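A.B. asks: If you want the building blocks of each chain, they are given just below.
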Amino acid sequence: MLEQSMLFGAGVLLAIVACTLHARAASRRLQAGAAARYQALLDRMNDGLASVAALERDARIAQDALMEREEELATLREQLRGQDQRAVRDQARLIGAASTAKGCAGRLADDIQSLMQVSRTFDRWNQSMDALLKHNDGMHRKNDDFALIVRQMVIVTLNASIEAARVGEAGRGFSVVADEMRSLASRANTLSIEYRESLYQNDLITTSTFQDMQASAKLIMGAMTTLDLVNRSALDALQV
Amino acid sequence: MISERARQGLDGMLRRALAQSEGVDDSAVSVLDTLGDIAGSQAVMLSISSFSFRVMVFLHFEPGRELQSRVAGALGVAPEELSAQALLDAVCEQGNLVCGAFNRELCRSFPFVGMSTPHCLDGRCIEHLRLLGQAHLRHFRAERPDRPPCHVTLCVCADGDIDFEPPALVAEQASGELEFF
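Line by line, the protein sequences give chains E and C. Mapping to the numbering used here: the first sequence position 15 is 15, numbers consecutive. To convert, count from 1 in the second sequence and add 1000; that's the numbering used here.
If we strip away everything but chain E, and leave its shape as in the complex, we get (with noise of 0.2 angstroms):
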């Protein structure tokens, strides 16, 4: 009996002991597992705390760029106000000018015409001139009857002179004055001829001049009708 419940002792003693050192062994397994678990851990956490303090420099950076871009629009706004300012006082400027021009092509428009009117002193200095060459053709024909008149001088003076010769000694004084006559008669062809030829002269002259004054007058109502649809084209311009 007692060796019997020494021997249940010992066993129990035994399994006392046993259980101990599995418990000891599984205590131990226990431990070396929770420190390669705290271990594990205690990486991740730190690559964890590097991650965070890489995101902290970009955070810095991305903040330091996103200052400088506010900064950057602080100065571009401040620019695109004083651009606007200069833009409100250049429009008012542009209006202002634009209704100044307005009104020169105006007073201008008013001014040509005004200044077309001029045709008509145009017009008057047409008549003028051909009342000259209309005159200048009455000289014409009067220095033609002058010339035929002279013409016909010269062939009595020389009748009066073969007459006076003919009556001989008391002929001799109406032979002086017939020969005189002639003499007379002579110039004065002579001088019609000249005139005619002036005649001519002047009515070369008469007619270049008038034509002149004709062709210049065309001229300038030419270049006025231009500057006429000119303008109207930049007051058509400026009424939009």
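Source of the hints: derived by calculation from the structure; they are not laboratory data. Since this is a predicted model, take the numbers as computed values, not measurements. From the three backbone atoms N, C-alpha and C, an ideal C-beta is built for every residue, glycine too. Please note that the accuracy of each hint is not assured.
Not the full set, but computed from the structure, chain C residues with beta-carbon under 7 angstroms of chain E [as the list claims (entries may be wrong)]:
hint : residue
1    : S1052
2    : S1116
3    : L1121
Label pairs and their computed distance ranges (CB to CB) [said to hold, decoys possible]:
hint : chain 1 : residue 1 : chain 2 : residue 2 : range
4    : E       : K102      : C       : L1137     : 49 to 55 angstroms
5    : E       : G103      : C       : R1007     : 25 to 31 angstroms
6    : E       : S198      : C       : E1143     : 34 to 40 angstroms
7    : E       : T100      : C       : E1093     : 22 to 28 angstroms
8    : C       : F1164     : E       : L184      : 53 to 59 angstroms
9    : C       : L1137     : E       : S198      : 44 to 50 angstroms
10   : E       : F122      : C       : D1146     : 30 to 36 angstroms
Position chain C relative to chain E; hints supplied.
C.D. replies: Structure of chain C alone, referenced to chain E:
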């Protein structure tokens, strides 16, 4: 003073204007040396004015039966029905055609020019062109088939120097010319 190329340019313009209005080739127009080679006791005168020069064109003609019957034929009337004024108007119109064609050519080099209306002068007036201080004088003759030749005198008076590059030739356009004489 007119430069040599300006003289040639003006001569060429009148040559083409005359050929165009007469309906003949440029080669049918020749230059004459003296006024004595020109037929016609009267002339139609026209002027083209610019700021620094003026050009005068004289179209010579001989009033007579030959001209009268040709103009009457062109107008479709009997020669005896053609009045002296109608004959003169026809000649002046011919002068307008020549000078108008010349004016159009001149406008290509000188935008500001004006042309006068025609006037009839005695041919003896042309002998006194030196009185106008001519800077360039040239006589032309256009030979026409079945008709007497047409004579034109070009006289240029300049207030200053004239020099320009003659513009390039352009295709001719029909201008409805009156082929009277």
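A.B. asks: Hints first: check each against the structure and report whether it holds.
C.D. replies: Structure-based check of all given hints:
no.: 1; hint: S1052; in the structure: violated (12 angstroms)
no.: 2; hint: S1116; in the structure: holds (4 angstroms)
no.: 3; hint: L1121; in the structure: holds (6 angstroms)
no.: 4; hint: K102/E / L1137/C: 49 to 55 angstroms; in the structure: holds (52 angstroms)
no.: 5; hint: G103/E / R1007/C: 25 to 31 angstroms; in the structure: violated (49 angstroms)
no.: 6; hint: S198/E / E1143/C: 34 to 40 angstroms; in the structure: holds (36 angstroms)
no.: 7; hint: T100/E / E1093/C: 22 to 28 angstroms; in the structure: violated (50 angstroms)
no.: 8; hint: F1164/C / L184/E: 53 to 59 angstroms; in the structure: holds (56 angstroms)
no.: 9; hint: L1137/C / S198/E: 44 to 50 angstroms; in the structure: violated (21 angstroms)
no.: 10; hint: F122/E / D1146/C: 30 to 36 angstroms; in the structure: violated (42 angstroms)
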